[in-house]
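A.B. asks: One letter stands for each residue in the lines below.
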Amino acid sequence: MIPEFDVIIVGSGPAGVSVAFPLVEVGLRVLMVDGGKQPGVLPPEADFLSARTNDSEQWKWIIGENFHALKMGDTVSPKLRVPAHAYVFEGFEARNQVIGENFISVGSLATGGLSNAWGCGVASFSSSEMTAFPFPASELSISYAKISKRIGISGAVADDMSDYFGLDEYSQPPIPMDELHKRLSQQYSNRREKLNSQGFKLGRSRVAALSEDMSDRLACNLSGNCLWGCRRRSMYSATDDLPNLRKHENFSELSGFIVDGLTRHDGHWSAEGQTTFDGERRSITASKIVLAAGTLATTRIALKTLNHRHAVPLLSCPTAAFLLWLPRLLGSPRMHGFGLGQLSFSMALNNNITAFGSTFATTGIPISEFVRHVPMSRRYGIDLLRGLLSSCVVGNFFLPGHLTAAEARLKEDGSLVVSGSYKHEVKPLMDEASRKLRKAYWALGAMLLPGSFTVGRPGSDIHYAGTLPMRKMPAIGETSQLGEVSGLDEVYVVDGACLPVLPEKSHTLTIMANADRIGKLIAMKLHGDRYK
Amino acid sequence: MKIVVTGATGYVGTRLVDIGGARGHVFVAASRRAPINHAIFWIPFDISVANHIKLPSDTDVVVHLAANIAHTNCLEEECEVDAAKKIINSAKEMGAKFIFVSSQTARADAPTAYGRTKWRIEQEVLLAGGWVVRPGQVYGGKLRGLFGMLVKIVQRLPLLPAFVPAPKVQPIHVDDLAEGLLRIAERGDVLSGVYCLAAPEPVSFSRFLGEIAKSRLRCLRGFVPVPVVVINALAQALGPSLRTRLGLERLRSLFDLPAMATATDLKQLGITLRPLRSGMHPSGNHRRRGLFQEGLALFTYVLKEPTGSAVLRRYVRVIESLRSGRPLGLPHAIMKYPILMSLIDEAVWADKSAGTEFSWRLDAVTVLAEATPSGASRFLGMGREHGVLSSLLSMANAVVWEVCWRILRTILLPLTRLALAHTRGAE
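Chains A and B supply the protein sequences, listed in that same order.
For the first sequence, the positions run -8 to 523 when this note's numbering is used.
For the second sequence, the positions run 40 to 466 when this note's numbering is used.
It should be emphasised that the hints constitute simulated quantities derived from the structure, not laboratory data.
Computed list of lysine-lysine pairs in DSS-like fashion (alpha-carbon distance at most 27 Å, straight line): (1) B:K41 to B:K181; (2) A:K62 to B:K391; (3) A:K137 to A:K463; (4) B:K181 to B:K207; (5) B:K343 to A:K62; (6) B:K343 to A:K51; (7) A:K418 to A:K70; (8) A:K238 to A:K140; (9) B:K253 to B:K207.
In isolation and in its complexed conformation, chain A is listed as follows (with noise of 0.2 Å):
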């Protein structure tokens, strides 16, 4: 019997779409499912403070008609709360069977996954971090350049961090800085020595964010809208490639099929799941399948078709957030400006550890979300912060991803369930940020609020990866080079589950390129196979 189609592949996101070119640009046909959640709320057109200062109805898409930022409340990050985002995250758990046991366990099941709501923060591994990688690191460069020119990215300028990203060659300008961070970035350059001598270096972000347009998305105006979702599609989201990928006949696409299994009969492979739409159980047949469902989701399908129940280990980046304050610019009017990073920076920490981080405008993030952590009565707090905040600004910070402790298990009725905590290291090593930071924005003209330091739960970076990671010799349990699973031959798997590393850096355009290199080397194989 035939199979229905060459490749089914299972996700929509960016690891999906970057595996699918390759693929249907040679001709193979190619079957897309996903959880086909769409969006309900549209963010605002307006830039954001002109809809806070005019809109009546800007609850709808702060808050949301059924209350959605409130229902949140408990939730590890603003984006969570964002009602034209919550179609995003809603139903993962439930319908993949992943139970996270005090670890957050975040994913999607939107057409386009989680790069409907991401920071569209971008890197690319250096060949250190790539020595755990079982190819060479210059395998992956050409997929850098690809993805970066497809997807559109920006921050290109001859800075401190130029190296780190190593993505200036593919990049568009930066989007224009906003005053505060101005000043920072010129007082960098005034005590740039100082500051790397102590292993602090600071540059602009590299953004999945436009500067300049692009086919039919606009480049960012500025309007700050970007937590709330960009109407311009400045913002990359995986959804902008799924046109291209339509134009080809041999690409298919069925919307709202959540894979639960696969099964093999007769030398080729049967997805099988259920459509949201209707209820009903199907099963598709393919030649190979691509599991591009998000680390947590094909891990699960994975584990449950080699019947593993043994634990895998699981990356996750521990994560910070904290407070700077500006003095010199206290009293700033409020402005339009960029949403996402403006200014990144690396740092070295004890044991060789590098941490990473970003800072960004505060003006997009509603007040409520810093008036909890003031420690002052409600009516208060909100006076202090309307003087303070328009001269501050928010930043994150992340550690390596082998400094958690976490693992995924298969249950015996299917579920996923993970749980992890950090490492005994995390907290000195955390102190020793906060202090350094402390010291490091001080000799920059800002002051790291005092108790803002704040050190996030386990799996709150939404950043997982490496449960199912490529090796030159892959146990079970684990892919080869070309993302195979071993034991499970033709399924392939080019999410982050697949990654042997997860440094501090933004992963998902290594996810990207890593998917694009495996896309193209299956599409030889078989191409090659064709013309025997």
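Take the given structure of chain A and dock chain B to it, following the hints.
C.D. replies: Here is chain B on its own, set in the frame of chain A:
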């Protein structure tokens, strides 16, 4: 329980079925027309035709609410009593409890046929070992019955009559009456007899109308004194048919209401009637009104100024859909002077869950307050002057007030604790 109700589609009947249905009772409507609510069973029964009624075999209780209010034909008085006798007998054969909803006007020598009919039926019920409930002035809920008529009159007339001497009414909210009926039905320890369910303290009819205007309709109405003798003379002059058509008959029955002693009966059933003002509120309970007031206090505290009704309604919806739907029960002083909320912090709560609930609601109010144009001014400083000096001043101002309140908080801690001790948490 399986409860057969005559008059299930009437003013009291619909609430009885709604509230009892939510409690798990199964209702069978015995009425002329099948009720719109197809969820309840139906058997045909017409009180003016006095046919034999066939009750379902597993009936536990029969509640007889149906009355012929047309009052057009005195002969019908006999029909009504006969119909009642038949249904009383059917219930007795079945061993079902029979509850008859009578009237405050029920007397052997009542001036109206209505009152006399009710009294006669009462006697039949008591003879058969059933229960009689005499409700006071039923009000609240949907605009039906005498209450509905009064609301419409208040709405239409710019000036209302203040009868002199003022007749007194003893109001009871329709839901409270339904609750009373259900308790008699459910409990095994309530002996057969007459139960008077109404407000223990009579209220002047003018006050009752005034409350309709104020709490139900939110309109202002002035009063014109009208001597009762005038009404009586008018009624005499118009003759019986015109009297009843204009509703004067009902009005006159108001003047003649015998006061009822209700406190004992209410206590026996364990019912506390909601206050007239709360009951008159369109939502029918003090809960929602309490939530509005609570919201107003919280918003005024956070925003330093009262907020519009749209935002308040949102707050009420939030508490009703995401929390218990009940107001916290903050002390009056705090509700009146919201700035006193600065005295509240975690230490002050005796009941931890009340403290948690208060914090949750304060957070919710902050979020709701921020997501408004005035929130943009208050939180972001949009439209306000900026600059180093004004920022420093507002920050210093905030810190100074915070310090003052902290001192006050410590000094007044025992007092605040006492005041908050009665606040319920999330139940």
